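Asker: Let chain A serve as the given structure and place chains B, C and D on it in line with the hints.
Protein chains: 4
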Amino acid sequence: MMMKAARIHDFDPDAKGPDYLRVEEVTEPEITRPDQALVRVGGAGVCRTDLHIVQGLWREVQQTELPYILGHENAGWVEEIGSAVEGVSPGDPVVIVPALGDGTCRACRRGEDNRCDNLVWQGIQIDGGYADYLVTKARNLVPLPEGMEPKAAAAYADAGLSSYHAAKRAAAELLPGDHAVVIGIGGLGHMGLQALSALCAAKIIAVDVSEEALAFAEELGADHLVQASDHTVEDVMTLTGGGAAVVLDFVAEHDVPQAAMAMLRTGGNYLVVGYGGELRTPTMAIMGQEKRITGNVGGTHDELIELLALAAEDTVRLHVREYALDDVNEALDDLSNGRIRGRGVLVPSATS
Amino acid sequence: MMMKAARIHDFDPDAKGPDYLRVEEVTEPEITRPDQALVRVGGAGVCRTDLHIVQGLWREVQQTELPYILGHENAGWVEEIGSAVEGVSPGDPVVIVPALGDGTCRACRRGEDNRCDNLVWQGIQIDGGYADYLVTKARNLVPLPEGMEPKAAAAYADAGLSSYHAAKRAAAELLPGDHAVVIGIGGLGHMGLQALSALCAAKIIAVDVSEEALAFAEELGADHLVQASDHTVEDVMTLTGGGAAVVLDFVAEHDVPQAAMAMLRTGGNYLVVGYGGELRTPTMAIMGQEKRITGNVGGTHDELIELLALAAEDTVRLHVREYALDDVNEALDDLSNGRIRGRGVLVPSATS
Amino acid sequence: MMMKAARIHDFDPDAKGPDYLRVEEVTEPEITRPDQALVRVGGAGVCRTDLHIVQGLWREVQQTELPYILGHENAGWVEEIGSAVEGVSPGDPVVIVPALGDGTCRACRRGEDNRCDNLVWQGIQIDGGYADYLVTKARNLVPLPEGMEPKAAAAYADAGLSSYHAAKRAAAELLPGDHAVVIGIGGLGHMGLQALSALCAAKIIAVDVSEEALAFAEELGADHLVQASDHTVEDVMTLTGGGAAVVLDFVAEHDVPQAAMAMLRTGGNYLVVGYGGELRTPTMAIMGQEKRITGNVGGTHDELIELLALAAEDTVRLHVREYALDDVNEALDDLSNGRIRGRGVLVPSATS
Amino acid sequence: MMMKAARIHDFDPDAKGPDYLRVEEVTEPEITRPDQALVRVGGAGVCRTDLHIVQGLWREVQQTELPYILGHENAGWVEEIGSAVEGVSPGDPVVIVPALGDGTCRACRRGEDNRCDNLVWQGIQIDGGYADYLVTKARNLVPLPEGMEPKAAAAYADAGLSSYHAAKRAAAELLPGDHAVVIGIGGLGHMGLQALSALCAAKIIAVDVSEEALAFAEELGADHLVQASDHTVEDVMTLTGGGAAVVLDFVAEHDVPQAAMAMLRTGGNYLVVGYGGELRTPTMAIMGQEKRITGNVGGTHDELIELLALAAEDTVRLHVREYALDDVNEALDDLSNGRIRGRGVLVPSATS
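Chains as they are written, first to last, in the numbering used here: chain A, 1 to 352; chain B, 1 to 352; chain C, 1 to 352; chain D, 1 to 352.
Quick caveat, the hints were computed from the structure, so don't treat them as lab data.
Any given hint could be a false lead.
[What the hints assert, rightly or not] To give an idea of the chain D side of the interface with chain C (calculated C-beta under 10 angstroms), a few residues: (1) Arg22; (2) Glu24; (3) His52; (4) Gly242; (5) Asp326.
Here the structure is a predicted model, which means the values were calculated and not measured.
Ideal Cβ positions, reconstructed from N, Cα and C, are used throughout, including at glycine.
This is chain A alone, in the form it adopts within the complex (with noise of 0.2 angstroms):
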């Protein structure tokens, strides 16, 4: 059986588009393992990973052969089982955690298969959910709530899950009173502004270079808006009186980190979710006041179910905007030219 899908094939480091993948005929494929699922999609979200894969960037950790299929935030209906598969049954809509963990290393033991000893990203290390079909592990489908559709829900499994990992953690540490920034209002941002307030009290910053996206970021429930310039720095400093509990980064490019860690305050955390770029900084500014930076990548199976709970009482809202498989390319040059508010999900002809 062959079906459609949208292929890399090959690196670009100075892609532009908007020719970034190819959408062609490939074969359907199967379960190998009795712990498989063969998932019809219903939805799959675009990243901006999309176009740091396509730049190259992955390259290394991915170690995959071209072509393949991209795709890592996926929903769709279980279409068949392994043997062993238990818990899930063909016809239900389901959300996927794109980290595939191994299951038995003790990073997976605690639920932490983004932590796996042997993790394989799916999207990025195997192919994908910019097809028709796609086959992942049953351990990492998630049922979706009651009268959620998998197309709404699919940003769910990596801007949702992404940023409500790193905004959880965020959160722990976050007392009335305090101030969190939240640096980049994209698909990430906008989701961790909104998980953020649902879990905690402390003041939310909202930092972007665009007026549309911090007008977003206020009807969402951000405090403050700084738009970013060359005094982003002081801003918040005055903001904060003295410097923020919390950055939690969805740019991390650029002189973002270098701002990011100057707007902290003693014994601040800067949360790093986004990429591409470099931090540098003296030690001394790390030590002298107590300062963390933590990285965050993915998030756990458990964590997704609380997002949905969240999600199915209407207290956090995915901004999407679809778009057909067959205009993949599109989706990713409004992604990269800023157009999307929110985010891209691409919807295969047969379910939309």
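Answerer: Just chains B, C and D now, kept in the frame of chain A:
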């Protein structure tokens, strides 16, 4: 009344010794507020920070007029107390927490004077203990356990406290089977290694350039020794089978920060205690493996009590080399040239 | 100088009111130590503990000679300060943390005055705020936010702080999708419910015998209401689908402790804030499901600052009913008979 | 195929031995699901819970039809694996976590199989290891370190794991200078004491009625010994100068729970590991000093790996007395009468 004191008169980025400080007669300090105490100095530890001060590295933080008296690691006997002081009496042997907090900000309320909003470091920003007497805040005095002499205890105030503080934070996340790397087995490192060994059951890997320092580490209980070289990271990766859970860095200069990051396992924590160098890392390397970086400076009053409890039962042991206060420059020179095993301590002539 | 005060002259286990306390002329208190402050009372909250004191329940803890002035929940204006006091000045509006710690034990050093080795409760063990003036420790004063009146703030000192302290500990372990049960929607409970709602995203189930109290809970944001009956446990088990993650018990009398334990899920935490009854449980029931029980009394200075931050932005709101100091017995009687919604507060005539 | 097994045929509240179980020929168990493993038993620990089962104390939890095979503390060699099993192979020596979780509920996802929503205890609710063979879940197998024999390792599955789990939770809140009380130096207690000593630097007070047990505790590193009497609480209060930070109770019967609560300092934690008795306490005694009570049952797969790491390096050492499987009743009788130092372990004839 006059007393002897060692003061800094000039900053010199290229200071090579041996005339770092000037030993001279100065006026004895006096209590000027009801919450202060006058302490007769019994011992004052000699720290690499003193060399950094001479080089002007702390100049911006200090905002101090020269000349002033160095010495931030002090113990002695209470000589006189202010009218509002309770809990200590003249004659009591005490060690002094060098972080003088205001006592009223939120950090101080939590006991974290080392994070005070209005923090003043004794011996760095105001006159310290390289002298016969010093005036300090009574809230910073910690009574010595039965039978412990001030000159033997002085170095617990910083070499002990700072390394214990960091080791305690490290121990809180180290499980049996995990590996912790301790870089730099000097004044702080030799205490940090012992504290780590007392507080958890992880395997300890000691790293130093000096064979003598490594032999010292072995005596103190290190499980593995690695002589620093251009394959330090590979050595640690082999010993740990994939990276250390924690790196405790008492050096943090030259290329050590980059090596420290590289030897962490997924989710690992790089604790910065030393300073002087620069950390440079792609944000992708922080994000992708959820690595963390944690600054450490000083410790709390409670932690010094905890450390003295360990010292009193001989679970940790400070290695000290005594110098007369007059020989302060020799002591600094020995430190600068790696000729001290453990910690050098100045003893004023009156109390030697 | 004389002032008006409400004092207890006798313990009476069967006290039914309305003559619990005697309002009389007494000598104005004076500052006797350099770290004290004299405060003109602006409001003093009326608490069930006052009834318990009259009944002799605190007699053993108190070790206090009668008569003395009740009132542990106080706010007012600084009238005079001792010679060693900094940070507050005469005229400042303040609320007073009732747990007077010695300031030097390890618990106080960590900011946990409520766990001080030499703890003295103001209004329970020494004269309190049912009077025109009181003397307290300056370290227990918390300045009021701009625009907040003492009589509106008094009840934050105990009803607010104790319930916030417990709610904060509960929130730290509540995840989205979890259920928290709040038992008793009175002076403390109505604040605890709001604090919980501000600090986490769990579902809140309010339990009370009174329909009026439940209606109040609904206004304050409870997700589910359960009227206490002989099938309370079953009701909660049904709503939660297997037990609550946390039970916050502001009653802790009669058969409530046993019911609270029974409605916990595996690993759940029973937070005891109220008192007066007895907990009886087989150790097998604690062990077999890893249940926990956690005592809560008062809170810290920092927590009162956090709570005032929430109050200043109207995230939590204290419901207060004012009484003249002369009407103290009426207030106590209304409390005893469940006729107060929120908290009763006594206002001295001079400041009403 | 037939094998030898020791089964319970009747509950008897007054069982005095020596005929607690019947050793008889039964059919060998077989793998019926792809995620199971068949294990040849090398050793099966004898636990006080076996006596409690015989007395019917677990009857309500068990819901098991008699007769069935006891033995929840098992180790052996993998004989056969189901089709979906990875990571273990026939011939591997393994120890078995007795808490069989469903692997898909939220607790299991976090690695807390001992808190599984659908928890089944092997040897308590289904056939256990008092036999030549047993069938279990492959996810519950933990490979033994090089050179460790199953019969020497069996008791790590419960006596080891349960006590390590509780000791680890205790150690997380024990600081140098703190005191921890360990009550009951038997099969679990002798391991708990060693684990505590490995994981923190607190002082350990061992309490037991038996002088022999106390001598054993001293060998294992206890700092103080208290023979249980009617002044146990006073003895502990004197040794600790105001109460213990933690009480680890491996008895939890008779008047021990009340004594344990009474010997806690303010904020202290009573960890219940044993069971059989009742805890009775005024809620005021929990509230007023912020005491805590924490149930402990079993442990996690990760914790068993941690414990084996300690055992492999000889930091903790299980004291074992071997019995032939045929002598199961003698072993139970010895246990019942306090004649075993450490833990009794049954060894099937084929593997002895």
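Asker: Minimum Cβ distance from His52 (chain D) to chain C below 10 angstroms?
Answerer: Where the cut-off is 10 angstroms and the nearest Cβ of chain C is about 9 angstroms from His52 (chain D), the hint holds.
Asker: Are Glu24 (chain D) and chain C close enough, Cβ to Cβ, to be under 10 angstroms, as the hint says?
Answerer: violated, 30 angstroms
Asker: If you take the shortest Cβ to Cβ gap from Gly242 (chain D) to chain C, is it below 10 angstroms?
Answerer: holds, 7 angstroms
Asker: Grab the minimum C-beta distance from Asp326 (chain D) to chain C and call the hint holds if it beats 10 angstroms, violated otherwise.
Answerer: Violated - the Cβ of Asp326 (chain D) stays beyond 10 angstroms from chain C, reaching only about 31 angstroms at its closest.
Asker: Measuring from the C-beta of Arg22 (chain D) to each C-beta in chain C, is the shortest one below 10 angstroms?
Answerer: violated, 26 angstroms
Hint compliance for this structure: hints 1, 2, 5 are broken, all remaining hints hold.
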